[in-house]
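Undergrad: From first to last, the protein sequence lines are chains A and B.
Under this note's numbering, read the first sequence as residues 1 to 101, first letter to last.
Under this note's numbering, read the second sequence as residues 1 to 198, first letter to last.
Because the hints were derived from the structure by calculation, they are not lab data.
Note that the structure is a prediction, hence the values are computed from the model and not measured.
Heads up, the beta-carbon is just placed ideally off N, CA and C, and yes, glycines get one too.
It is possible that part of the hints are untrue.
[As the list claims (entries may be wrong)] Which residues of chain B face chain A? A partial, calculated answer using Cβ under 7 Å:
| # | residue |
| --- | --- |
| 1 | Leu-80 |
| 2 | Asn-120 |
| 3 | Ser-163 |
| 4 | Ala-165 |
| 5 | Ala-179 |
If you want the building blocks of each chain, they are given just below.
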Amino acid sequence: MTSIGTLHYLVVAAALFILGVIGVLTRRNVVIVLMSIELILNAVNLNLVAFSRLWGVHGQVFAIFVITDAAAEAAVGLGILIAFFRNKETVNLDEMDLMKW
Amino acid sequence: MPAVLYAAGFQAGRDAHPMTVGTGFAARIMEPVATTFFFYLLSGLAVLGGVLVITRKNAVHSALALILTLLALAGLYLMLYAPFVAGVQIILYAGGIMVLFLFVIMLVNLEHSEKEDQFNHQWVAGVLAAAALSGLFLATYVTGRALFPQRVLQLPEQSNTQSVAVLLYGNYMFSFEIASLLLLVAIIGAVVMAKKRI
């Protein structure tokens, strides 16, 4: 525990990943579910950058691409949310069941 | 000892030691200070922010907690000698994506959604699935503890941006262009979906 190694960063990333998964599976508010997805992406980023310390700068380049993808996905997801909210006036995930049989 | 390091920096040029900052007479070695304390502080802040994101009733509080997590992660990237990714994280993630989230929360914020139940009716199954996943992580990290080597790469600290740029515009040029195309598509999609009349 005296010197911080790679495994310490991996455990922190795993904790953030688990928190994101719990948020996606349990919350009813759509915006908070989208924010939990961002938590998951950040956990992956921490993993990538932690391993880039061992194996070269490639992990950091991949982390930059992940951040770019997260921006595009957040924009599109929030656009869908706004379009849905204009029709149904709710942000409750349980009430978004138009495609259920 | 500092005099020796000054002399080494002046005579051997900028690459005398990977942690050299400055050139000539102003060269000095930057050693990491209080690594353990800062690691636990930053990772504690990140996990605290994560817990607050998934438990708050008010969506604005969740967004602020996520900003706390993002800034703590940027600090962790700095500790991992990745200053460019840390800067990108602060500018793009905390300064761009979270502002987008806050704008949308402002648009869809309903008073009564704070008074309803916050967790859906299948939260037990969700927590059980997350517990199973955490068990898998634990098993992996405990059995694979010997896989991670002790030595870390000593990359020169002042040329991290240059190294990232060489890879980004060299090996990964195609992915870079595709990412810009992806952003263009995302912009057009978001504008079309959020318009009142197409």
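Undergrad: Now tell me if each hint is right for this structure.
TA: Here is how each hint holds up against the structure:
1. Leu-80: At about 5 Å, which falls below the 7 Å cut-off, the nearest Cβ of chain A leaves the hint on B/Leu-80 intact, so it holds.
2. Asn-120: Holds. Min distance 5 Å.
3. Ser-163: Since chain A brings a Cβ to about 4 Å from B/Ser-163, closer than 7 Å, the hint holds.
4. Ala-165: 9 Å, violated
5. Ala-179: 5 Å, holds
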